[in-house]
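2 protein chains.
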Amino acid sequence: MTEKNIVISVDAMGGDNSPRVVIDGLAIAAKDHPDIRFIVFGDAARVRPLLQEYPELEKVCELRHSPEMVHNEDKPSSVIRNRNTSMFMAIDAVRTGEAQAVVSAGNTGALMAISKLTLKTITKIHRPAIVSIMPHRFGKYVMLDLGANTECDAINLAEFAFMGEILARHALGIAKPKVALLNIGSEEMKGKDEIKQAAQLIKSSKMGIDFIGFIEPHDIANGVADVIVADGFTGNIALKSIEGTAKQITRMIKDAVKGSLLAKVGVLFMIPALRKIKKIMDPRLYNGAMFVGLNGLSVKSHGGADAFSFSRAVDNAAKLVRQNFVPTIKEEIDRVDLEELQTILYEMD
Amino acid sequence: MTEKNIVISVDAMGGDNSPRVVIDGLAIAAKDHPDIRFIVFGDAARVRPLLQEYPELEKVCELRHSPEMVHNEDKPSSVIRNRNTSMFMAIDAVRTGEAQAVVSAGNTGALMAISKLTLKTITKIHRPAIVSIMPHRFGKYVMLDLGANTECDAINLAEFAFMGEILARHALGIAKPKVALLNIGSEEMKGKDEIKQAAQLIKSSKMGIDFIGFIEPHDIANGVADVIVADGFTGNIALKSIEGTAKQITRMIKDAVKGSLLAKVGVLFMIPALRKIKKIMDPRLYNGAMFVGLNGLSVKSHGGADAFSFSRAVDNAAKLVRQNFVPTIKEEIDRVDLEELQTILYEMD
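Those protein sequences? They're chains H and S, same order as listed.
Number 76 in the working numbering belongs to position 76 of the first sequence; there are no gaps in the numbering.
Number 187 in the working numbering belongs to position 187 of the second sequence; there are no gaps in the numbering.
Be careful, since some hints might not be right.
Each pair may be met inside one copy or between any two copies, as identical chains are not told apart.
To be verified - In silico lysine-lysine, DSS-like type, Cα no more than 30 Å apart, as pairs:
| id | residue 1 | residue 2 |
| --- | --- | --- |
| 1 | 196 | 75 |
| 2 | 254 | 178 |
| 3 | 330 | 319 |
| 4 | 140 | 278 |
| 5 | 176 | 59 |
| 6 | 120 | 254 |
| 7 | 247 | 196 |
| 8 | 258 | 276 |
| 9 | 264 | 206 |
| 10 | 176 | 31 |
| 11 | 203 | 190 |
| 12 | 75 | 190 |
| 13 | 190 | 120 |
| 14 | 254 | 31 |
| 15 | 264 | 278 |
| 16 | 279 | 192 |
| 17 | 75 | 178 |
| 18 | 192 | 203 |
| 19 | 190 | 116 |
| 20 | 140 | 120 |
| 21 | 279 | 176 |
| 22 | 319 | 59 |
| 23 | 140 | 116 |
| 24 | 276 | 178 |
| 25 | 319 | 176 |
| 26 | 203 | 75 |
| 27 | 279 | 254 |
| 28 | 140 | 258 |
| 29 | 247 | 258 |
Don't read these hints as lab results, they were simulated from the structure.
Only a predicted model underlies this, so the values are computations on that prediction, with no experimental measurement involved.
With the hints as extra help, turn the sequences into a complete structure.
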């Protein structure tokens, strides 16, 4: 095995078509990133033959047998007690320092629970969040929380804003990201109490965030904000509404074209233009939600990801490892006084 | 003035381009519905010349001067004290029985507040909701609450389910509508407490609802549910995410086509197919959110509606008047024992 700069541990058994899709995805990622070495956890008898199909990948993979796996219906409370699953073992490799990031397409709740237990939340941060990078009209934005925390208070939201801002600077290269709170109106009086309080907290704190106020979901696509902050319930509802609508419209256009010879001819002319849109909008490009707020990098691939899509989740993990994201976010959090949020909140009441 | 079956009162001053758009919209609606008579409230000096442009409309309109109007930034708490606005006077015409429905493109919060104050909530119902009819893959569905109630408890949600079911039967003609609660997962353990409790309430009650459980936003378009129930915050977030994404994709396709002569040729071939999609998806077709749970019909047009879109809101109002919707929903609510919800909830704790 040659010396590699980045080591990523992989849960080969997570997702709908594992381990097939995972290994096919790793083969793509290995080609894209000659500097990555993988530690692959899974049922060795099932994974080994798949690895053997890719001699180049095999060279940069270390396969470790895990006797069990996490299933979609498993509860977080039970999975954290089983250290023999491929998911647990893959995450644990980040804790021990063998790997700098873990990628899994398994059960989100389980991945979050084990990641929290194993990697631990960064000191000063109350709760980690699930974050994704997504496309808007003129570029990309960071959105969090996408489902880790169903209920959030104002302090959680302010901490998400802070972590999202750091991610936008590093992952998107935006020097001074604009941060907004997702709400049902842009006026100050609109929305839930915790959102209104969070707005006050962010404005009054010394976190130094360029806070632009509330944003409504239909304005996300206009690119006015680089970081969108919400509780996990709201973020998840918005994310799935956006994804569902994009899918529905694509399907409707396909159906309409299928039913008409004329339209089929038209599509031929439009291929270059449509390709441009796909290059921006293809949801597979944005696969790989990250957990921020932990002492280690844990990346969640979509359960229904195909090989290309899974490779993009690995790509996301690799980028953040190269950018030294986890050490940086810990340093930045160390430098600020997050306790002040509690003080500001007390004074507001 | 000829005898007309339906009388609709109209706030001519609401919306971004009032009273121009409102009167243009009424001209379309008057052509579509020869059986409607309008009572139009607004600044007579501004509205009269517009009405005079449409002699046919003028014949079926009674213009009543209102000295003031509700502005977008007005707070609900202040607008309910001013009986001289076009919005207040238009709603009051429903209370007095002069009109069977009111249509306004003004400030949603104000319209809800005045409608609640004037028309009163139906006995047994704790809170009215904003409801809309929208397109899914194979037909239409009813969704509520879209923003009237930022926070809802389990009983509110169960009542919304009940009212939504009645609306789906009447407005969509579905004999046994499938009802679902909007949530971030379809498993029973997922989501917020009030949503989980509402599911139990609906299942345990004698309301006779065909309850299919939780639905995630990306499944709405698949048409598995005829009625989608959420608190007003979540419903509003989902609605605006859906609308925003649809708009963004349409704009991206337009932009891509603009930039390519080849694509422009392609679009020509695709026009009949695209027209089919527009016939289903055009958001203007679905303009006209209704307030359910009140002793009178109040319909909210989008503030940015164009004339055609405004005419559709009138169309929505007219349909529900013809179907005798308000008397029917009051009768149905009268027949059921909604108090049982409270009893079931106590027993659950």
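- request: Could you tell me which of the hints above the structure violates, numbers in ascending order?
  value: 5, 6, 9, 10, 14 and 16
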